[in-house]
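Student: Taken in order, these protein sequences are the chains called A and B. So the first sequence is numbered by the working numbering: it starts at 1 and just counts up by one. So the second sequence is numbered by the working numbering: it starts at 1001 and just counts up by one.
Just so you know, these hints were derived from the structure itself, not from any lab. Don't take every hint at face value.
[What the hints assert, rightly or not] Partner residues are not named here, just some residues of chain B that face chain A (Cβ under 8 Å, in silico):
#, residue
1, Pro1033
2, Lys1036
3, Arg1037
4, Leu1038
5, Leu1039
6, Leu1041
7, Gly1042
8, Pro1056
9, Met1057
10, Asp1059
11, Glu1062
12, Ile1070
13, Ile1072
14, Arg1073
15, Glu1076
Since we're looking at a predicted model, the values are computed, not measured. Glycine residues also receive a C-beta, built at the ideal position from the N, C-alpha and C atoms.
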Amino acid sequence: MTEQEPLTRNDALPQQGALVVMVGNPNTGKTTLINALAGSNLKVGNWPGTTVDRLAARLRLAGKEIELVDLPGTYGLIPTTPEEGLVARELLNNRPQTIINVVDAGNLERNLHLTLNLSEMGMPMLVALNLMDEAEAKGYSLDPQALERELGVPVAPLVASRDKGVTALLERLQQGVVPRPQVKYPPPIEKAVGELAQQIDHPSRRWLALALLSGEEVPLQLPEQVLQSAARLSKSLQDSGIDAYLEIENARFARAHELARAVITGSEKRLTLTDRIDKWVLHPLLGGPLFLLGMLLAFRFTFSFSSPWVDFIGALQEVLAGWVHAAHLPALLSSFLADGLIGGVGTVISFAPVLFFLYLALAFLETSGFLARAAFIADKFMLLAGLPGRAFIPLILGFGCNVPAVYSTRILNGRLDRLRVAMAVPFMTCSARLVVFTLFAAVFFPKQATWVVFGLYLLGMLIGLLTAWALGRAAGGGSSSGLMELPPYRMPTLRVVVKLAWARTRSFLQGAGGPILLAVLFVWMLLNLPPGASLQNSYYARAAELMQPLFATLGIHDWRLLGALIPGFVAKEVVVGTLAVSYLGSAPGAALGFVAGLAQIASALWQALLGSLDAIPALLGLPHMASAPAAGGDLRSALAGSLTQAGALSYLAFLLLYTPCVATLAAIKNEFGKFWAAFAMIYELLVAFGVAWGVYRLALLFGGG
Amino acid sequence: MRRVRGLGGGKRRLADLPEGTPAVVGLLAMRGPLRKRLLALGVRPGAVVKVIRRAPMGDPMEIAVGDTLIAIRHAEAEEVLLENPPGDD
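The shape of chain B in the complex, shown without the other chains:
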């Protein structure tokens, strides 16, 4: 089934996104305060996200959404699903 952009979300996770590659947020697969905080910081379906770097021990990671830099743990980024790149649907 084809997914509609901005509503679905592919199988890729923000946690696995390589550094420097932009991607589009698909779905926030969590509930509660974490979801609210992500939305408040601008991490929402349809937003463009980029991994800037990972901390010296590999976790957490620094991401950029719009003009905001955000630190997010690997486990938290596993629940942020990304849109599949165009043409890959």
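Bound-form chain A, shown alone:
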């Protein structure tokens, strides 16, 4: 059937710079395998122009260097997601010398369906029959030799997680050949495939012809005349009552079934580890609580392990600023260095530990199989907003910090769902906003403080979910699919997980660092220019005064309150600090001696390490809401006179909803591009203004004024 390549030894390998790619279903242990093959040579990054992880390594094979690349996991070569689309595109346009087809030995029939697709690509390949241990635990006895005979390519049985069979696979890499013809289609289809394939000038002509006759688009530039022939042949098949797509799929499934039967020599159904864990995790009564507990652990892991490091960076910042002050530079320069530059860089860097530990937690949840279960449990609830179950995780994380929450949207399938959740995330009350809320609630609503804060949480969630729902509506997609595989529970490969987390953290520092730093410097300029001006005469005060007429409609008149919204754009934490400075006047930073400063670095690092250890038992504790910040009584009494209760409510609503902090915007820009970052900024300003106005009017109506 395939007439193009004879079954000869693959002479292309070893060849300097030869490309070897790994292709397989999701959850077949491809990541573990490339880690076992590559060891410390493993390089982690993104596929160009995407946020899809790319794992690659340079290996030496018989004295020559080869490039090994792991393609995203896929069920078929005709994509149903953008990640899957990468696979066929790479195979067709960036032709590898050899394909390693990674097959889950415990799920042969479905995995072999992809193998059959690959066999029609006309490329040399070999099969890595991975997870042999799981197949055995499931009660299967397999005959890898039988598969080798049937396919005509080397088949290497493996347990990649325990390094078993990995060397043997490497040794057989050079024996990769184009498989023997596998699938026999009904005669009218074979005839059409033959006719069409003749016109295609590409080694994968048979697969291309089959895809075109199935009515699929292929990620390869083909001459117009080929597409016309395909349309004509499809039409004539259709006219004779043949559904080419269905017939082709059926023939492949039948062959996959036949192959699996030839390889499986015995099977006795056994209860697997996954069955036993799922009995608890997906239990009708216990499932919900266990899910919440799991989320809580992941959440606390992220913030407990990262906060000591964040504190350490904060302390380091203080020490450096202290040195700058001690250097007796001109006041403006010293303030620029200490507050602007060191403060800005410190803000950027302090996100790194949070992101790193979050990515670790997420990668663990994802690769262990727990994430799919969490999505299963939360699905019904998220369906209300037309979102898949996985959307629960970014939204929950948003309560800690919006920045990692935006990055965590990567666990969703498809760009539209990711975008919808990312647009909802900034409305979740992050811990930075909580600090401001507790202060204002304590000042203006001493009796109902808890309810005011709780109400703000709810308001944010409601608007976030509405946003996601409306975006889905606008895109015409309606609700997304809940269909997904529940993969077996497995231990993640620690080295890969750490490398992935670090690569993503680095990409944040590179992509978001600049904008955050610029925003910090901009606010510093507003506060400190023109030179020598007091705060009341600074550009900052003038900008705040410009905002006054607009915000008078919200019942907010004091320029100092309005001014605090500007640095709030950089980070909501600083709102309280800015208010303190503008109401009470600033205290000059204490200059530190060099030796005392050094001692402080050392002790802060020690504290950070201790804190990380302390976090382990704390992980098991229940969460407690952060207690009110140590804002001095002076600020409280100064604030009390500045707003009515209705004005305070509208100020809080505005603060909750307005433009996410610059780091969140940078994260959105990093993940979705400039347009969506701008959209988020403007949309959220409008929403904040509208809702704050509504809240103010309602409060006046009910006599809060």
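Position chain B against the provided structure of chain A, taking the given hints into account.
Tutor: Using the frame of chain A, we list chain B on its own:
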């Protein structure tokens, strides 16, 4: 009219299948990406399917097809039609 096994599909829907009872998939009564994803996961006419459990709030449900465990929403499972049991045709 008698239906031919593997081509037709009865009136029973996967959504209504009780837990633990095996059944044969008849027809995927939908188009587009959902159909492709179902086929890719092995949910195809002729495949044996079993409902393992339903989520705490009744939706979605977990099904097993071959060695694959799949989560599918009730609304999606309504469009997966099942063969009638033998002798019931």
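Student: The structure should be examined with respect to each hint, and the outcome stated for every one.
Tutor: Now the hints, each set against the structure:
Below 8 Å, beta-carbon pairs count as interface contacts, and Pro1033 of chain B has one with chain A at about 5 Å; its hint therefore holds. Proximity of Lys1036 of chain B to chain A holds as hinted, the smallest CB-CB distance being about 5 Å (cut-off 8 Å). A least Cβ separation of about 5 Å between Arg1037 of chain B and chain A falls short of the 8 Å threshold, and the interface hint therefore holds. A hinted interface residue such as Leu1038 of chain B counts as satisfied when its beta carbon comes closer than 8 Å to some beta carbon of chain A; here the least separation is about 7 Å, so the hint holds.
The interface hint given for Leu1039 of chain B is met, as the beta carbon of that residue sits about 6 Å from the closest beta carbon of chain A, less than 8 Å. At about 6 Å, the closest approach between the beta carbon of Leu1041 of chain B and any beta carbon in chain A falls short of 8 Å, and the interface hint on this residue holds. Hint status for Gly1042 of chain B: holds, given a least beta-carbon distance of 5 Å to chain A, under 8 Å. With its C-beta approaching chain A no nearer than about 5 Å, Pro1056 of chain B sits inside the 8 Å limit, and its interface hint holds.
Given the 8 Å rule on beta carbons, the hint for Met1057 of chain B holds: about 4 Å separates it from the nearest Cβ of chain A. Interface hint at Asp1059 of chain B: satisfied, since its Cβ lies 5 Å from the closest Cβ of chain A, which is below the 8 Å cut-off. The beta carbon of Glu1062 of chain B is positioned within 8 Å of a beta carbon in chain A (closest approach about 6 Å), and the interface hint is therefore held. At its closest, the beta carbon of Ile1070 of chain B sits 6 Å from a beta carbon of chain A; the interface hint therefore holds under the 8 Å criterion.
Among the interface hints, the one on Ile1072 of chain B holds; its C-beta lies about 5 Å from the nearest C-beta in chain A, closer than the 8 Å criterion. Interface hint at Arg1073 of chain B: satisfied, since its Cβ lies 4 Å from the closest Cβ of chain A, which is below the 8 Å cut-off. The criterion of a C-beta within 8 Å of any C-beta in chain A is met by Glu1076 of chain B, whose closest approach is roughly 6 Å, and the hint holds.
Checked against the numbered hints given earlier, the structure satisfies every one of them.
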